[in-house]
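Novice: Since the structure of chain D is already known, use the hints to place chain V on it.
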Amino acid sequence: MKKLLGVALGILTAIGGFVDIGDLVTNAVVGSRFGLSLVWVVVVGVVGICLFASMSGRVAAVSGRATFEIIRERLGPRAAGANLAASFAINLLTLTAEVGGIALALHLASSVEPRLWIPVAALAVWLVLWRVKFEVMENVAGLLGLLLVGFGVALFLLGPDWGELVRQAVPPSPPATEHVATYWYYAVALFGAAMTPYEVFFFSSGAVEEGWTAKDLAQNRVNVLVGFPLGGLLSVAIAACAAVVLLPAGIEVSSLSQIVLPVAQAGGTLLLAVVIVGIVAATFGAALETALSSGYTLAQYLGWSWGKFRRPARAARFHLTMVVALLLAVGILMTSVDPVTVTEMSVVFSAVALPLTYVPILLVANDPEYMGEHVNGRVTNALGMVYLVIVVVAAVAAIPLMIATGAGS
Amino acid sequence: MSRESSSGAGVRVVDARLHLLSRQVLDVDGEPVTTVDDLELVAADARDDDAPRDAAPGEPAELGAILTGPVLVTRLLGGRPPASRWERVPWRDVGHVGTALELTVRADSLDVHWPEGWLREHVVGRIPGGRHDPEEAS
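Here the protein sequences come in this chain order: D and V.
Each residue of the first sequence is one higher than the one before, counting from 1 in our numbering.
Each residue of the second sequence is one higher than the one before, counting from 410 in our numbering.
Bound-form chain D, shown alone:
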């Protein structure tokens, strides 16, 4: 019974923890401009993140080595250093977006100026990182994040023309008003949002934090293979809400209040309140994950002592890195930059950095010295190779598309 409860909890937190500000914003923007014609990208992204998250979790559980230790070991100091610089910068951008997202959601709930919420949000994030046990932190944020199911409820209350939604999705038929390059630009952005590298840094390091061993592999697989696709459904619900309400009205999403507009229209204040709590929890959880990831990547590259399971004094440089990252994020937000814009940037640059992270994971998952009998099977490797091609294509295309489309405008 207790074991079953553990499995259920793991799945629920994986669902609630899947959506972050990147998924939220990108899906709403895409839904409001392209309807459901990009849903296939969410599917491709979810399969990819399932594949590589479970692979990095398996490597960490079997060998005890987290992802960035492996990147450093396989790529050497130079290429891994380049990856570190890129990953750290993108991670910082994502952290900035998440902290900004918390502030925007609290602003929606309280109508207190977001800039007053930013330091409060960052302080709260730091206090949790400093004090709260890893498992408690992950479970609370994940479970509250489940409230985003409100987007699904809203979709049903809106009573859309389901046939029309399906027609937009299969076969993908982008609206004639949008340029084809813009369509592909948002495809890359959506892919980057679903496969952000920080998720594997966090996932593999989390496996070490929770002391996983080969025995926990089955649970790891269930969490990922059930939880992430259900989390992906939340993403689709967000896009569908925008497609039903915002697309016909010609509203292009540029703020969080527009993202929740369909929810307010369908379910009134009560459902809106539920969804706002869900957004705060989801962005807060992702802020914790990205802050931790900034510490994980740097500490693992340089071999420092790291981990939330240690006393902060026993991982001093790791904790200091997270403090500095949070201060930098607050500093960036205090320049009044729009967190929604920061989010859109961060998902595109995520797409650029994907190959440098996913190639070493795939290599080590096939190395018997690390994995023993738990090396990749043939199906996993075949899928891994297919995704490697997709990831490289997305990375190469991201910047040219960004320039050609003027960042999607």
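These aren't lab readings, by the way, just hints derived from the structure by calculation.
Given the structure is predicted, the values throughout are model-derived calculations rather than measurements.
Don't take every hint at face value.
[To be verified] Selected chain V positions facing chain D (Cβ under 8 Å, derived; list incomplete):
| hint | residue |
| --- | --- |
| 1 | ALA464 |
| 2 | PRO466 |
| 3 | GLU525 |
| 4 | GLY534 |
| 5 | ASP542 |
Every residue gets a Cβ at the ideal spot worked out from N, C-alpha and C, and that includes glycine.
Specialist: The following block gives chain V in isolation, referenced to the frame of chain D:
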């Protein structure tokens, strides 16, 4: 890069580039210490001396120490830091070479540990809760 073979029951060939460089170093309690940024090769007969010397060409060489700290910068950018700035973990403290290098000593006893120790004593340990064990109930 060199090959170092440890004699014993069975000889195991360790490829320096593949099995040593850029691997994580753990102390005797499993706490991460550093990464192997470079290796110091010394003359075989002078390995355990206080003043190890470089092996002359043709002379047998042995691993003297794991190097870290400033050598990472010079490995990235080229050059060589002065020997006084080398941060060394003596090779005799290494107990096992696996997916990580496991030491037989505690991190606190090593010279390379000073940045972590300094931050612990002067910054992180002084913030309230800095020495709190997160695995205990708070």
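Novice: Need the list of violated hint numbers for this structure, in ascending order.
Specialist: Hints 1 and 2 contradicted; others consistent.
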